[in-house]
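**Q** Starting from the known structure of chain A, arrange chains B, C and D on it as the hints suggest.
Residue numbers (the working numbering), protein chains in the order written: chain A, 1 to 348; chain B, 349 to 696; chain C, 697 to 1044; chain D, 1045 to 1392.
Rather than coming from a laboratory, the hints here were simulated on the basis of the structure.
Warning: the hint list may mix true and false statements.
Unchecked claim - So the derived list for chain D, only partly shown, Cβ under 8 Å to chain B, looks like this:
(1) His1240
(2) Val1244
(3) Asn1245
(4) Gln1269
Said to hold, decoys possible - Looking from chain A toward chain C, a few residues come up when the C-beta cut is under 7 Å (computed):
(5) Ser47
(6) Thr48
(7) Leu184
(8) Gly188
(9) Thr195
(10) Ser198
(11) Asn201
(12) Tyr271
Stated by the list, open to error - Pairs of lysine-lysine residues, derived as DSS-like cross-links and limited to a Cα-Cα distance of at most 27 Å, are as follows:
(13) C:Lys949 with D:Lys1272
(14) A:Lys253 with B:Lys622
(15) A:Lys253 with B:Lys576
(16) D:Lys1212 with D:Lys1299
(17) D:Lys1051 with C:Lys949
(18) D:Lys1088 with A:Lys274
(19) D:Lys1272 with D:Lys1234
(20) A:Lys228 with A:Lys274
(21) C:Lys951 with D:Lys1299
(22) A:Lys44 with D:Lys1051
(23) B:Lys603 with A:Lys255
(24) B:Lys622 with C:Lys740
(25) A:Lys253 with B:Lys603
(26) B:Lys392 with C:Lys701
(27) B:Lys601 with A:Lys255
(28) B:Lys622 with B:Lys516
(29) C:Lys970 with C:Lys701
(30) D:Lys1088 with C:Lys949
(31) A:Lys228 with B:Lys601
Ideal Cβ positions, reconstructed from N, Cα and C, are used throughout, including at glycine.
Protein chains: 4
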Amino acid sequence: MTPNKIKAAIVGASGFTGSEMARLLHQHPDVELIGITSESHTGKPFSTLHPQFLGSIDLPLISAEQVPDLGAEVLFLALPHRVSMDYVARWHELGVKIIDFSGDFRLSSPEVYAEWYGETHRYPAGFGQAVYGLPELYASEIQQADLVANPGCYPTASLLSLAPLVQKDLIEPDSIIIDAKSGLTGAGVKASAGTHFSEVNENFKAYGLGVHRHTIEIEEQLSRQRGKQPLQVQFTPHLLPLDRGILVTAYAKAKAGLDAARLQETVASFYADKPFVHVVPESPGIKTVRGSHFAAVHPFFDQRTGRVIMTCAIDNLLKGAASQALHSMNLMFGLPETRGLEQLPLKP
Amino acid sequence: MTPNKIKAAIVGASGFTGSEMARLLHQHPDVELIGITSESHTGKPFSTLHPQFLGSIDLPLISAEQVPDLGAEVLFLALPHRVSMDYVARWHELGVKIIDFSGDFRLSSPEVYAEWYGETHRYPAGFGQAVYGLPELYASEIQQADLVANPGCYPTASLLSLAPLVQKDLIEPDSIIIDAKSGLTGAGVKASAGTHFSEVNENFKAYGLGVHRHTIEIEEQLSRQRGKQPLQVQFTPHLLPLDRGILVTAYAKAKAGLDAARLQETVASFYADKPFVHVVPESPGIKTVRGSHFAAVHPFFDQRTGRVIMTCAIDNLLKGAASQALHSMNLMFGLPETRGLEQLPLKP
Amino acid sequence: MTPNKIKAAIVGASGFTGSEMARLLHQHPDVELIGITSESHTGKPFSTLHPQFLGSIDLPLISAEQVPDLGAEVLFLALPHRVSMDYVARWHELGVKIIDFSGDFRLSSPEVYAEWYGETHRYPAGFGQAVYGLPELYASEIQQADLVANPGCYPTASLLSLAPLVQKDLIEPDSIIIDAKSGLTGAGVKASAGTHFSEVNENFKAYGLGVHRHTIEIEEQLSRQRGKQPLQVQFTPHLLPLDRGILVTAYAKAKAGLDAARLQETVASFYADKPFVHVVPESPGIKTVRGSHFAAVHPFFDQRTGRVIMTCAIDNLLKGAASQALHSMNLMFGLPETRGLEQLPLKP
Amino acid sequence: MTPNKIKAAIVGASGFTGSEMARLLHQHPDVELIGITSESHTGKPFSTLHPQFLGSIDLPLISAEQVPDLGAEVLFLALPHRVSMDYVARWHELGVKIIDFSGDFRLSSPEVYAEWYGETHRYPAGFGQAVYGLPELYASEIQQADLVANPGCYPTASLLSLAPLVQKDLIEPDSIIIDAKSGLTGAGVKASAGTHFSEVNENFKAYGLGVHRHTIEIEEQLSRQRGKQPLQVQFTPHLLPLDRGILVTAYAKAKAGLDAARLQETVASFYADKPFVHVVPESPGIKTVRGSHFAAVHPFFDQRTGRVIMTCAIDNLLKGAASQALHSMNLMFGLPETRGLEQLPLKP
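This is chain A alone, in the form it adopts within the complex:
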């Protein structure tokens, strides 16, 4: 091991998040990636699963059982929800910092979790300890945290769009409608009828109308931004025939007196010192942020209808997952926010 480097490990190597996390950790100047787990491919090089890393990340895969002996200082858990909570329960006591990609610790309580995830939570103690890992809102809490719940991809784009407006009281809180569109990597690496090329290609549809779990995640966070007063949002996800990217188009009724200039100014000043949010002058395309660590946010005020439209584009695997987790890790270890997050986007 290299002295003075942060020892990091990834639990769950086969999916898109695990793969992107490995890519970023491998290139981070202050990190040493010392372990990646996969129960089904133990012993094989990581690059067997992800051949784009042949010659660069050839670390042999280990079992999750070996994690406690690794000596890792930080673990990135890229596991399905319902699975993740058990590992957090076991490892959290060991004194290692954990950044969890699942939905298991994003909500406010075991009761809300049970309601939206349909399952009794097996580590309720975690709720008091987990910090919601959106650095634009909670940087100081994250700095102190040893368990971070990395936000969902849709909530990241939705909250970056709406949090300034809710916090600054510019919109009617119960008028919010979030029409969200995600590339197919958001659906995960598992082969199914729904991820078959011939089903996805040249297709587009809505899914999960009224019941998607990211709804409550967004609602709880926006509620927090207005002093814990509850609010409801309408959230509808759609599936795009492309690999990467989320675009959120969010609508809300403006409160009296808002105009385009004040909207622009509020959003721009909210993000003035946030290194990973760009407030952009035209409604962003998701291709512009592919491979980037940035959210591109565009505020628009429709004078005719009195509504605000926020559009926000992110790379769902980066700002919507791996980059955001690394941003949190930087905060947790006292590093500059942008360390290891300097790669430029790949376009086209």
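**A** Frame of chain A; chains B, C and D shown alone:
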């Protein structure tokens, strides 16, 4: 010429609508396609422009100047708006029936046209004569018409989603938000930075926030459905990285007392005798309607938020353009509504 | 049942070929589609599996066990190879005509089958009876056949490219290299790592180098065209990130004395009376034949190198599968070749 | 300016190569990117043209006329052929090192250039000075060069496939057939009928049969590998419906005595110390190298036919353009070959 067949001609051969119109007219059992115009390719076979029709539609292209001498009984004008009005003005007096794909005669008055299209209309007399060609709403007017303004592609999907709800007074009229997504053929055949493959592929974005001309077209038609009381909608179009298809996701606040069963029943009964609208049990993908003449409409009531979500998928070049025009032609000539519109979709 | 219509059934409803076959049979003026089988969805409407046919092909799915009682005159077997042979063995004796999409009866003998398919054939008697269903080469045999082995998709495009050259002795037979590219529907409907959208999209690769089973199918048929003298071809398939279409680029050394004019003339005259082959003046794109029943063939002679390059584009699900089967059915029942095959391509 | 950093400038900012070159130079630890030219956007930030670089590469664009005053030590010319030669002529005398992306200095003489490019060369003196910038073959010449002709994208993949076989005399030189497939960025950024999304998407075709200019570039280089004995290749390019990547499938007749082991061994040992070529165990997909600086080469010997098949995948904008140029720059300035070329691929 074949006796007893309707003589039809297409003005404007180079675009996607002209091409699809030719395909449908060629296969219609009661129609003879006797002329197609193109100023830039006069004399060449139509299949030179559209090689998929080699051996089937090889008609030599003519100039629009030759149209009056053709003996056509019906003209399909596949021309840009601002251009179309001048041809309508010249030919309308000749006694030929016209179905116009442009936006020039869809609105209620020259004044509204000037406001949204930024141009003084040069054939204001046409407004009194043109019928809005949405057969699900105006079949009897279309039967009597000799000038039909074929609806825009976005308005078709939007109105099929919302007209039943507005007409039956199920929703708050000023709460309507239409988040619409279209395949690239909606942007037209012209090569530009915005239609370059590398700009569109793997990309997705909103455009025309707050100012798209289809907004007023939707507003005027919905207003008509509630007894001419005005209303405003929020309409946002987006560009999908695929060839064909529109999906509209429309939101509105339900009036008190609505529930899922009544919503379903209202929509189903509204379309019970409409051959080209399917009320479907799951939110439709656009690939299911590609190459079809149908709109697939899905009503959803969110009990939690009290909102209605309507999703509607159409093939923008067919139900959103050429099929709908042919449907109107069938009505204008006293043919069964589905005549010549029996091709099945091509999937995948 | 409708009198005077040919009673047809499809065995195997879930795949792309079964779906396309149903679409074509449903629209054929002289056919009644009386049964479609699916063991896993028995009792459900066909449109449950393929929702694009909602309202048009809603026939309830039956078990293959019910096929003998159907009264069908012709069966289309859309089953995997190794499975198909057992059904052919059982039903062939019943006097029903069979068109088989699998590879089980395309080769010359059970021995060759065993060598390339790695399995002992369980109905060797079928080899003497099956006719290779490429109507451009074997129309008269097909007319007499009651068991037709529908050609593979790659062999169809390869043989339409090369058969005229081999038969007319224009090329060195052992110099043939076939570089073939297919859309993803060629890989079938089954979900797997290889058909996952994120694996296929933006990707392209060769597979099956030197061992693909279509190699022997092409070799045997070309050998037949030169009086049963054996020959070998190099055949390499590739996977394209799109739904439909095959392009074959075939290379061969010209025999002395060939020139561009004679090549063009030979190919054009070979296909002069073949309704489903277009000899085209430019190398064809597969999008031009999507949804069409045609092969587009382009001959090119490179004076500098002395080689012939043939390019051929087909829709793999139509001319490469369902259209070709229907063409054979027309021949078997004494119908005009093009009956029921008059739909025009859908582009873009 | 930063002392001790190499001062670099890019001439021609609007295309894909200019954009990728800027991305790489910006991240190179030993380079300072001091100028980028664009005649049509002079004065605007580079990120106006390429918004993915907003906040990172905001350098104001300058005119090419200002280049001599910049103080650059190396110029990257991302200009069309026929244009590039005039700038090389003017600047070459100034003592600045030039890496030229055009085809103007890749061939052996003005005569060959005139024959294949159809134009009299206006700087014939350049032919004696230019070095062909394929580091795997000509590293030592490149180290001494002050004018490097960066190879074409197709020739890069073709030569990496075939040079070892020709140099080691494993194949019949006149039997080479190169079937090449490129993503759409290879066609350039200019909007035209051929780059329109609806023409490219879901399409695939061959072009330039027998006449593509990369043919002679490949022939001259392979000839050089066999001691200047001439040879001819058959080269056919095809257009893929995706953004980035080239796959070359190259065929040749093996000389007597070759077998799979010797082929593998020859190729592996040829590239043993070449940092940017991976000899891979399965035929590579282009998605595995997207965003990477590597060529993935796979040798295959078909025992049955006696032919070698080489497949090679590269990112056409990187190993096929910008990475290769930077690799040459590293050699020219005495830097380690891999300096600034350590980014990992972005997949999916």
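**Q** Each hint should be assessed against the structure and marked as holding or not.
**A** Each hint tested on the structure:
At a threshold of 8 Å, the smallest CB-CB gap from D:His1240 to chain B is about 5 Å, leaving the interface hint in force. For D:Val1244, the suggested interface contact is upheld, since its CB lies about 4 Å from the closest CB of chain B, less than 8 Å. Below 8 Å, beta-carbon pairs count as interface contacts, and D:Asn1245 has one with chain B at about 6 Å; its hint therefore holds. Taking 8 Å as the C-beta contact cut-off toward chain B, the hint placing D:Gln1269 at the interface is violated, the least distance being around 34 Å.
Because the closest C-beta pair between A:Ser47 and chain C is about 16 Å apart, greater than 7 Å, the hint is violated. Taking 7 Å as the C-beta contact cut-off toward chain C, the hint placing A:Thr48 at the interface is violated, the least distance being around 13 Å. Because the closest C-beta pair between A:Leu184 and chain C is about 5 Å apart, less than 7 Å, the hint holds. Given the 7 Å rule on beta carbons, the hint for A:Gly188 is violated: about 9 Å separates it from the nearest Cβ of chain C.
The beta carbon of A:Thr195 comes within 5 Å of a beta carbon in chain C, closer than 7 Å, and the hint placing it at the interface holds. About 6 Å separates the beta-carbon of A:Ser198 from the nearest beta-carbon of chain C, less than 7 Å, and the hint is met. Because the smallest distance between the Cβ of A:Asn201 and any Cβ of chain C comes to about 6 Å, under 7 Å, the interface hint for this residue holds. With a cut of 7 Å, the hint placing A:Tyr271 at the interface with chain C is violated, because the nearest CB-to-CB distance is about 31 Å.
At roughly 25 Å between alpha-carbon atoms, C:Lys949 and D:Lys1272 fall within 27 Å of each other, so this suggested pair holds. This hinted pair does not check out: A:Lys253 and B:Lys622 have alpha carbons roughly 36 Å apart, beyond 27 Å. For the hint linking A:Lys253 to B:Lys576, the alpha-carbon distance of about 25 Å falls within 27 Å, and the restraint holds. Only pairs whose Cα atoms come within 27 Å are accepted, and D:Lys1212 paired with D:Lys1299 is accepted, the gap being roughly 11 Å.
Distance restraint check for D:Lys1051 and C:Lys949: the Cα-Cα separation of roughly 52 Å exceeds the 27 Å cut-off, and the hinted pair is therefore not satisfied. Straight-line distance between C-alpha atoms of D:Lys1088 and A:Lys274 comes to about 25 Å, which keeps the hinted pair within the 27 Å bound. Of the supplied pair hints, the one linking D:Lys1272 and D:Lys1234 is violated, its CA atoms being roughly 37 Å apart against a limit of 27 Å. Under the criterion of a C-alpha separation no larger than 27 Å, the hint pairing A:Lys228 with A:Lys274 is consistent with the structure, at around 24 Å.
Only pairs whose Cα atoms come within 27 Å are accepted, and C:Lys951 paired with D:Lys1299 is accepted, the gap being roughly 22 Å. Distance restraint check for A:Lys44 and D:Lys1051: the Cα-Cα separation of roughly 44 Å exceeds the 27 Å cut-off, and the hinted pair is therefore not satisfied. Using a Cα cut-off of 27 Å, the hinted pair B:Lys603 and A:Lys255 holds, with the two alpha carbons roughly 22 Å apart. Distance restraint check for B:Lys622 and C:Lys740: the Cα-Cα separation of roughly 25 Å lies within the 27 Å cut-off, and the hinted pair is therefore satisfied.
The hinted pair formed by A:Lys253 and B:Lys603 meets the criterion: a straight-line CA distance of about 18 Å does not exceed 27 Å. Proximity of B:Lys392 to C:Lys701 is assessed by CA-CA distance (about 41 Å); at most 27 Å being required, the pair is judged violated. With a C-alpha separation of about 18 Å, the suggested pairing of B:Lys601 with A:Lys255 holds against the 27 Å cut-off. A hinted pair counts as satisfied when its Cα atoms are at most 27 Å apart, and B:Lys622 with B:Lys516 qualifies at roughly 17 Å.
With a CA separation close to 26 Å, the supplied pair C:Lys970 and C:Lys701 stays within the 27 Å bound. Between D:Lys1088 and C:Lys949, the direct Cα distance comes to roughly 55 Å. Violation of the 27 Å bound is thereby established for this hinted pair. Restraint check for A:Lys228 and B:Lys601: satisfied, since their Cα atoms lie roughly 25 Å apart, inside the 27 Å limit.
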